[in-house]
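Enquirer: Single-letter residue listing:
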Amino acid sequence: MSLSFSGGKHIPGYKHLTQDLPVVTMAAPAEVIIPLSQHTGAVCKTLLKKGDKVKVGTKIGSSDKLISSTVHSSVSGEIKAIADYNHPVLGTSIAVIITSDGKDELDASIKLRGSVSPLGKEELLKIVKESGIVGLGGAAFPTHVKLTPPKSIDTLLINAAECEPYLTCDYRIMIENPNEILKGINLLKKILGVKNIVVGIEDDKLEAISVLRNKIIAKSYSIKVQPLKTKYPQGAEKQLIKAILDREVPAGKLPFEAGVVVINVGTALALYEAVYLGKPLYERIVTVTGKSLRSPANLKVRIGTKFSDLIEFCHGTSTAASKVIMGGPMMGLAQFSTDTPVIKGTSGVLVLSEKEAPDYKEGPCIRCGRCVDICPVGMLPFALSMCAESKMLEQAAQYNPRDCIECGICTYICPARRRILESIRLIKAVAK
Amino acid sequence: MTKKLNILKVTSSPHIRTSETTAKIMWMVSLCLLPSGLVSVRVFGIHALWVMLAAIVSAALTEWACCFIAKKEQTLSDGSAVLTGLLLAYNLPPEAPLWMVCIGSFVAIVFGKMVFGGLGFNIFNPALIGRVFLMASFPVLMTKWQVPAGIDVVSAPTPLAVLKDQFAGSNVFSSADIINYSTRDLLLGIRGGCIGEACVLALLIAAAFLLYKKYISWHTPVGFIGTVALLTWAFGGKTLFRGDIIVPVLSGGLILGAFFMATDYVTGPITKKGKLIFGIGCGLITTVIRLWGGYPEGVSYSILLMNTVTPLIDRFVKPRRFGEKR
Amino acid sequence: MKGIILAVLSLSGLSFAFGLLLAWVSKKFYIKLDARVAKISDLLPGVNCGACGLSGCSSLAEALVGKKADVNSCTVCAADSKEKIAEVLGLSASDIKEIKSPIAVVACGGGKRAKDKFEYRGLMDCRVAHNNMRGHKLCSYACLGLGTCVEACAFGAIVMTEDDIPVVNPELCVGCLKCVEACPRDIIYMLDRKKKVYIKCRSHEKGPQVMKSCKVGCIGCMKCVKICPVKAITIEDNLAVIDHKKCINCLKCVEVCPTKAIAVV
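Chains as they are written, first to last, in my numbering: chain S, 96 to 527; chain E, 748 to 1073; chain U, 7 to 271.
Some clues are possibly wrong.
No farther apart than 25 Å at their CA atoms in a straight line, the calculated lysine-lysine pairs in the BS3-like style are these [what the hints assert, rightly or not]:
(1) E:Lys-1019 / S:Lys-104
(2) E:Lys-960 / S:Lys-324
(3) E:Lys-819 / S:Lys-486
(4) U:Lys-252 / U:Lys-200
(5) S:Lys-456 / E:Lys-819
(6) E:Lys-1072 / S:Lys-348
(7) S:Lys-314 / S:Lys-290
(8) S:Lys-456 / E:Lys-960
(9) S:Lys-486 / E:Lys-818
(10) U:Lys-218 / U:Lys-202
(11) E:Lys-961 / S:Lys-104
(12) U:Lys-202 / S:Lys-140
(13) U:Lys-103 / U:Lys-74
(14) U:Lys-118 / U:Lys-266
(15) E:Lys-1019 / E:Lys-1065
(16) S:Lys-324 / E:Lys-1019
(17) S:Lys-104 / E:Lys-771
(18) S:Lys-324 / E:Lys-961
(19) U:Lys-212 / U:Lys-118
(20) S:Lys-154 / S:Lys-246
(21) S:Lys-154 / S:Lys-140
(22) E:Lys-818 / S:Lys-456
(23) E:Lys-961 / E:Lys-891
(24) U:Lys-212 / S:Lys-175
(25) U:Lys-251 / U:Lys-266
(26) E:Lys-960 / S:Lys-104
(27) S:Lys-104 / E:Lys-1020
(28) E:Lys-771 / S:Lys-456
(29) U:Lys-74 / U:Lys-38
(30) U:Lys-252 / U:Lys-202
(31) S:Lys-145 / U:Lys-212
(32) E:Lys-1065 / S:Lys-523
(33) S:Lys-523 / E:Lys-1072
(34) S:Lys-144 / U:Lys-212
(35) S:Lys-246 / E:Lys-1072
Hint data in this document are derived by calculation from the structure and do not stem from the laboratory.
Predicted model only: the values in this text are computed from it and were never measured.
Pulled out of the complex, with its shape left as it was, chain S reads as follows:
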C-alpha cells in the first residue's frame, strides 16, 4: 500500500519528457565556473591562485568550519580567474573560473579503493567531507554533518520520492545504477549504525521500485522499499517521515529529533562513488527539460558547466525561453541569466516558455479553502496572504508563518492566483 501524509495534491508531472531517456554524459566544457559556496554553510577558502594548473578532482576550496564542504575542480586545465560570477542561488558569488585544456586528466588522488570493508565510521565520514558530498536533492546541506546527528537515531530514510514535476534524475539513477545506490546505502548504514532502512519512492515510479526490490532480494540486503502516494510535496523531508514512519517533526526541529536521518538517493550514489571509486563530487546528473526544449535529456555534467551550454547541448528551444529555472517548477529558482553555472544542488534546469509561465493576475481571495485543505503543515495560507496585502505584517505572527516549508502548493492551487508564498516569505522576512 502506498503511504502518504495529509494535505498535498497530485500535480501534473511532465516527467514523460525525460523519464525514459538514459543518462547521457556531456563532455567537459571549455570553461567551468565553480562557485566556492555551493552548499548550506560557510563559504570555502580558495586553496589555489590564478594561473595554477588543476586536474579533474583537484581540491580547490575547503573550509575548516563544521557546516561547510569541500569544492573540487571538474576539469583539467588552468585557473583563469577567481572572481565574482553569477550564482544560481545567491545571485552573485565568488567563483573559481577554470579553462579546460581538453585532456581531462584525473587528479592523482582519485583511485579505486581496493577494499572498503575495513574502513571505519570516522574514516568514512572523512571521505564524505573531503569528497565534498552534500545533499543532492537541492538544499545542498553538507552530508557529513547530517551523518553525525547529536542524538541517537533508529531509522535511515532514503528520499527517492522526487515529487517535483519535470525532474527525473533520481528516477534514472535508480534504474541505471541500483547496485551502486544500494552499496551507498549500506555505507550510510555503517556510518549511522542503524538497522531500519526505508527507501521512499512515489508509486508512479513502478519500474524504479521493482528494480530496487529485485536487487535487494538478489543481494539479501535488509532494506525496505516503500511506495508512496504520488503527490506533492511527498519528498519534503518532514512529509516523508510522516508518511513512512508516522512521526511528526514540529516546525523548527530537525529530523534527528524524531530519530530519523533522511538522505537523498542521489547522495547515496555520490557516496558510493566517493568511497569505492575515490571520486570526489565534481559531476552530477541534471535533468534538462521543458516542453519548449528541442531534446530534453538527463545529463551527467561537470559542476560549473553553464546553463547555456546545457541548453545548447539539448539543441536549444523551439520557442523563446521566458523562464529558466534551476530545480523543479515548484521550488526551483528562476534565473536571470543562463550564464550561470551548475552547482552541486542543481537537480534540474527547466526552461519554460511565455505560455507555460505567464504573468499571473492576482485576484481577491474568495476563501475557497483549497490552500487550507492542501497545506501539508496545517497552516492558513490565505490568512497570511490577506495580512500581507493589508500590510498587517506583525499581526500575521498569530498564523505561525514559521511553520511554512515553502513547498508552494498553496500558490499553485489558488484559483485567484494569489502570491501566497511570496506573502509568507515577506512575513517571515519582517518577523526575522
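Using the hints, position chains E and U against chain S.
Expert: Here is chains E and U on its own, set in the frame of chain S:
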C-alpha cells in the same frame, strides 16, 4: 542559436499554477445550475426564462456600473455577478414581475457584495440578500406560487406551505397524507415553488458533478440536509420520531440552498470541519423556522444567519498544526 | 391584554436581571488605572513609533507615571504637549529639554542610475526582493527602490523621488529607526542633526566594478580623503567613511567627489 536570454523573467517559486481560476469556478457553477432552470421553464412556462434573464442581465449591469462609478477594474468576467443573478432568479417565484427581479438583482449586487469591497469581502450571500429584501418588500408577489397545470396558471401554495397550514390544525400523522405530490413529482419539479428549487433531480446531478470536480465539499450539504432530515423526523410528526423526511427534504429550497448557496466560498467557513458545523447550524435554524417559526420556509434565513457566525467558526476551527501534539 | 402585560413584565424582568449582571461584572473585573496614564497617553503622539525605546506610546505613558522614563524620552511630541505632560507628572518646565533626534539618511544614490541585474516581477517589497537572488540590482549594496522604507515611516518623512531613490525629509524625521529596521539592504543609517555631510554609498566593491554598475557610487578614489582639512575621511575596504565626530561641515569633500557620492542633508 542563442536567443535573447537576458530578458528572462525572475519571480519566486512556484512557477506553475493549476488551470483552475476563480472565473472558471464561477462559470462552471453557473453552467451546472442551468439544467434545473431549463426544466423550470418547461414546467412553469416561458416567463421563468424572462425572470432568469432579467436577473442575470441586471446583476451584470449593476456590477459593471459599480466598478465604473468606483473607478475600479471591471470584474464582470469573473462570473460572480452572473452567478449571483442566476441564484437570485432561482429563489424567485416563476411569476415574479421583471421590475421586481431587477430591484432584487440591484440590491443583491450593491448591498450584498459591492459595498463590502467586491467579491471576496462580502459577509452575506448576495443572492440571498436580494431574495430576503424582496421578501420583506413585496411579500405578496414573492409568495404567489403557481402550480404547473398545463396551459393554465393556477395559483397554489408550495408543498411546505400546505404542510404548515394543515399541520397547524389537523391531526394527521405524516405529511405524506396531506401532500398530494408524489416523490417522483417532487424530484422532477412538478409542483409549486421557486424557479430553481423545482427540479431536484437536475440540481442533484449538478451537485454530484461539482462534488466530483471538488468545487464544493460534501461537508456543508451533508450537515445541512442531514440535520433537517433528522430533526423533521424527530419533531415533524404528531408524535416524536414519526415525521416524514422525503417531502421536507425534497421541497422548499433545501437542495438548492444546501448544495449551491450554503457552499458559497466567500461567506462560508474555510475548513472542512467548519463547513460541517456550518451545515449543521443551517439545518438547525431551517428546521426551527419550518416547524415553529412564522414562515413555511427557512433555508435562506438560516444560511444568512449562519453567514454571521462564519468568522466565529473560522476563529475556533483551525487545522491541526503539523507536529503539534494531538 | 394579558399577553401584553406578560410580555412587558417578562422583558423588563429580563433586562433588569441582565443589568444587574452587567453591573456586577464591571465591578468584579474592574482594573484600576492611574488616570494620569490615560491623560499622558492622549498627549503623546500615538503613532507608536518606538523612538523612545519602548513598544509604544501607552507603554511610555506607564513608564512616565512609574518614573521609569524621562519626560524628554519622546522625541516626537510637540513642545506644548510636553509641557502638559510635565504638568500632569508634577514636573517643572525646566525639566523639559529640547532633544534633537538624529535623522535617517539613505546611503545610496543609485535608483535609476544604478543598473539592473534583471527585471524583478515579484512582490513589490524590498524585503522579498532582497531574498530573491540578493536583489535585482547589479550592485549588491544598492537601494532596491520598492519603497518599503516609505511604507515603514509613520511620519511620512520618506518620499520616493523620480529617480526611484528614497529621500528623508529632516523636518519630519523623528529618528524612530523604523526605516532602518525595514531596509533589508542596511543602507539607511542615523546621522547627527548638526552634521551636514554623509557618504551616499555603501558599496565595498572595487572602483571599476562600481563604475560598471552605478554612476554615483563611491569608487574609493581618495580625493575626499586628501582634501579633508580635519582628516575625518578614510577609505575602508574601497569605501569612504566619514568620522562624524571630526567633521566640521566644510563641504569640501562634496565639491571634490567625482561621482557625487558625498551628499549634503
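Enquirer: Compare the structure with each hint and give your call.
Expert: Evaluated hints:
| no. | hint | verdict |
| --- | --- | --- |
| 1 | E:Lys-1019 / S:Lys-104 | 16 Å, holds |
| 2 | E:Lys-960 / S:Lys-324 | 20 Å, holds |
| 3 | E:Lys-819 / S:Lys-486 | 21 Å, holds |
| 4 | U:Lys-252 / U:Lys-200 | 12 Å, holds |
| 5 | S:Lys-456 / E:Lys-819 | 15 Å, holds |
| 6 | E:Lys-1072 / S:Lys-348 | 14 Å, holds |
| 7 | S:Lys-314 / S:Lys-290 | 16 Å, holds |
| 8 | S:Lys-456 / E:Lys-960 | 24 Å, holds |
| 9 | S:Lys-486 / E:Lys-818 | 23 Å, holds |
| 10 | U:Lys-218 / U:Lys-202 | 29 Å, violated |
| 11 | E:Lys-961 / S:Lys-104 | 12 Å, holds |
| 12 | U:Lys-202 / S:Lys-140 | 41 Å, violated |
| 13 | U:Lys-103 / U:Lys-74 | 17 Å, holds |
| 14 | U:Lys-118 / U:Lys-266 | 15 Å, holds |
| 15 | E:Lys-1019 / E:Lys-1065 | 9 Å, holds |
| 16 | S:Lys-324 / E:Lys-1019 | 22 Å, holds |
| 17 | S:Lys-104 / E:Lys-771 | 20 Å, holds |
| 18 | S:Lys-324 / E:Lys-961 | 19 Å, holds |
| 19 | U:Lys-212 / U:Lys-118 | 21 Å, holds |
| 20 | S:Lys-154 / S:Lys-246 | 32 Å, violated |
| 21 | S:Lys-154 / S:Lys-140 | 11 Å, holds |
| 22 | E:Lys-818 / S:Lys-456 | 18 Å, holds |
| 23 | E:Lys-961 / E:Lys-891 | 37 Å, violated |
| 24 | U:Lys-212 / S:Lys-175 | 19 Å, holds |
| 25 | U:Lys-251 / U:Lys-266 | 22 Å, holds |
| 26 | E:Lys-960 / S:Lys-104 | 14 Å, holds |
| 27 | S:Lys-104 / E:Lys-1020 | 19 Å, holds |
| 28 | E:Lys-771 / S:Lys-456 | 14 Å, holds |
| 29 | U:Lys-74 / U:Lys-38 | 19 Å, holds |
| 30 | U:Lys-252 / U:Lys-202 | 12 Å, holds |
| 31 | S:Lys-145 / U:Lys-212 | 18 Å, holds |
| 32 | E:Lys-1065 / S:Lys-523 | 21 Å, holds |
| 33 | S:Lys-523 / E:Lys-1072 | 24 Å, holds |
| 34 | S:Lys-144 / U:Lys-212 | 19 Å, holds |
| 35 | S:Lys-246 / E:Lys-1072 | 21 Å, holds |
The structure does not agree with the numbered hints 10, 12, 20, 23 stated previously, though it agrees with the rest.
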